[in-house]
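Visitor: For this one, chain G is given, so just place chain F on it according to the hints.
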Amino acid sequence: MKRRTFLKNTLVASATGTALGTALVAPGVAVADSHAEKADPFQASSFDDALKAAGISGVEESDKIAITAPEIAENGAVVPIGVASDIEGTEEITILIAENPTPYAAKFTMGEGSNALVKCRFKMGKTSDVIGIAKVGDKYYSGKRSVKVTLGGCGG
Amino acid sequence: MASKYKTRLKVKEKKGIVNVKALISHPMLTGLTKDKNGDKIPAHYINEVVVTANDKVVMTANWGGAVSKDPYISFDYAGASGDAVKLSWTDNQGNKGDAEKKVK
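Chains as they are written, first to last, in my numbering: chain G, 1 to 156; chain F, 1001 to 1104.
Pulled out of the complex, with its shape left as it was, chain F reads as follows:
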């Protein structure tokens, strides 16, 4: 089944530095908001993002509910064109998602 959470990944190399940009569509609920009846909406957020390049971890992010809805992330690492960059995430309800791209 196709995941309802879309993960988009963009990688760009410039002078030995690879810029990774990612956009994940995810509600990122803090668990503090309430619905119309005043009931709390349970927390639902991504708590771990792991980015690897050629199977080597380049960045791990631990997130809380304070990260905005549809999180965007951008960072650099020293790499070369041809690297296989893979991003995978897990949320607090056990959902998972990933995206893979080769650096041009």
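Here chain G stands alone, though its shape is the one from the complex:
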């Protein structure tokens, strides 16, 4: 019986938690307004929603987008990821981590004269594909790489 009530309580708690979370976040987004998009892709909870919110569509896979990431990440809290685009005129690089609660991780807008290469460290909840999307003109090209996350160091 205890287990039952416990489960029930946690379920309720998480549900209200999410509701509260969104309510709290919403005004912050409105004030900051640093994203020109209508919906905030950073809040999207699925990969497709994130792409939609970011206004990314018609993504073509390309082998010119190179993603450097460890094949096995021992610590999911710090995964070094680098994305390089060999396509000339890359304006933006978006990094998504498919299995994260909020897949949209970061967007880098490259200024004039910068070569499209960024390195950064990300959190990853579990084993997932890392997707780098480069914006060239109004086209999008993507590269993919899967990263295994082993928590607890059991070798996964």
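Wrong hints could be hidden among the right ones.
Unchecked claim - In silico PhoX-like links for lysine-lysine, alpha-carbon gap of 20 Å or less:
#  : chain 1 : residue 1 : chain 2 : residue 2
1  : F       : K1034     : F       : K1015
2  : G       : K126      : F       : K1034
3  : G       : K144      : G       : K64
4  : F       : K1012     : G       : K119
5  : F       : K1012     : F       : K1069
6  : F       : K1086     : G       : K119
7  : F       : K1006     : F       : K1069
8  : G       : K52       : G       : K144
9  : F       : K1102     : F       : K1014
10 : F       : K1010     : F       : K1096
11 : F       : K1069     : F       : K1102
12 : F       : K1101     : F       : K1015
13 : F       : K1021     : G       : K119
14 : F       : K1104     : F       : K1015
15 : G       : K119      : F       : K1034
16 : F       : K1069     : G       : K119
17 : F       : K1056     : F       : K1086
18 : G       : K126      : F       : K1069
19 : F       : K1010     : F       : K1102
20 : G       : K144      : G       : K126
21 : F       : K1012     : F       : K1056
22 : G       : K119      : F       : K1004
23 : F       : K1004     : F       : K1086
24 : F       : K1096     : F       : K1004
For the record, the hints were derived by calculation from the structure and aren't laboratory data.
Guide: Only chain F this time, still in chain G's reference frame:
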């Protein structure tokens, strides 16, 4: 008041390409984690980083909570020695920080 968030910047020029490396000490909380009592820890993360060289924007980064704690970032741009590189960031709670360095 000195900011509790340290921003470190490193710039290096090689054959017309300037490499910018930055390290910001920041908790980067996603808002999904819970504390000991099971209460949610509010989200606290940097959502915008702007890097300028001689007052010209070379890179803008929009981040979410998925970026690791104490974020590190590295990128290149075509520049020359003597450029004044400035990095400034803002987080979702309105904190700000910046660092400035001249390319040697």
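Visitor: With reference to the structure, classify each hint as holding or not holding.
Guide: Verification of the supplied hints:
Only pairs whose Cα atoms come within 20 Å are accepted, and F:K1034 paired with F:K1015 is rejected, the gap being roughly 48 Å. A distance of roughly 18 Å separates the Cα atoms of G:K126 and F:K1034; the hinted pair therefore holds under the 20 Å criterion. Restraint check for G:K144 and G:K64: satisfied, since their Cα atoms lie roughly 11 Å apart, inside the 20 Å limit. Annotation: proposed proximity of F:K1012 to G:K119 holds, straight-line Cα distance about 16 Å (limit 20 Å).
Restraint check for F:K1012 and F:K1069: not satisfied, since their Cα atoms lie roughly 24 Å apart, outside the 20 Å limit. A hinted pair counts as satisfied when its Cα atoms are at most 20 Å apart, and F:K1086 with G:K119 qualifies at roughly 18 Å. As the CA atoms of F:K1006 and F:K1069 are separated by approximately 13 Å, the hinted pair is consistent with the 20 Å bound. The suggested pairing of G:K52 with G:K144 holds, with an alpha-carbon distance near 18 Å, which does not exceed 20 Å.
Our distance criterion of 20 Å between C-alpha atoms is met by F:K1102 and F:K1014, whose separation comes to about 14 Å. Restraint check for F:K1010 and F:K1096: satisfied, since their Cα atoms lie roughly 19 Å apart, inside the 20 Å limit. Distance check on the hinted pair: F:K1069 and F:K1102 sit about 27 Å apart at the alpha-carbon level, beyond 20 Å; violated. The hinted pair formed by F:K1101 and F:K1015 meets the criterion: a straight-line CA distance of about 19 Å does not exceed 20 Å.
The suggested pairing of F:K1021 with G:K119 holds, with an alpha-carbon distance near 9 Å, which does not exceed 20 Å. At most 20 Å may separate the alpha-carbon atoms for a hinted pair to count; F:K1104 and F:K1015 meet this at roughly 12 Å. A hinted pair counts as satisfied when its Cα atoms are at most 20 Å apart, and G:K119 with F:K1034 does not qualify at roughly 29 Å. Note on F:K1069 and G:K119: the hinted pairing holds, with a Cα-Cα distance of about 15 Å set against a maximum of 20 Å.
Taken as a hint, the F:K1056 and F:K1086 pair is honoured in the structure, with Cα atoms around 10 Å apart against an allowance of 20 Å. About 17 Å separates the Cα atoms of G:K126 and F:K1069, which keeps this hinted pair within 20 Å; it holds. The suggested pairing of F:K1010 with F:K1102 holds, with an alpha-carbon distance near 9 Å, which does not exceed 20 Å. This hinted pair checks out: G:K144 and G:K126 have alpha carbons roughly 16 Å apart, not beyond 20 Å.
Pair hint F:K1012 plus F:K1056 holds up; C-alpha atoms about 18 Å apart against a cutoff of 20 Å. For a cut-off of 20 Å, the pair hint linking G:K119 to F:K1004 is broken: about 24 Å separates their Cα positions. A distance of roughly 19 Å separates the Cα atoms of F:K1004 and F:K1086; the hinted pair therefore holds under the 20 Å criterion. Simply put, F:K1096 and F:K1004 have alpha-carbon atoms about 10 Å apart, close enough for the 20 Å limit, and the pair holds.
Comparing the model with each numbered hint stated earlier shows that hints 1, 5, 11, 15 and 22 do not hold.
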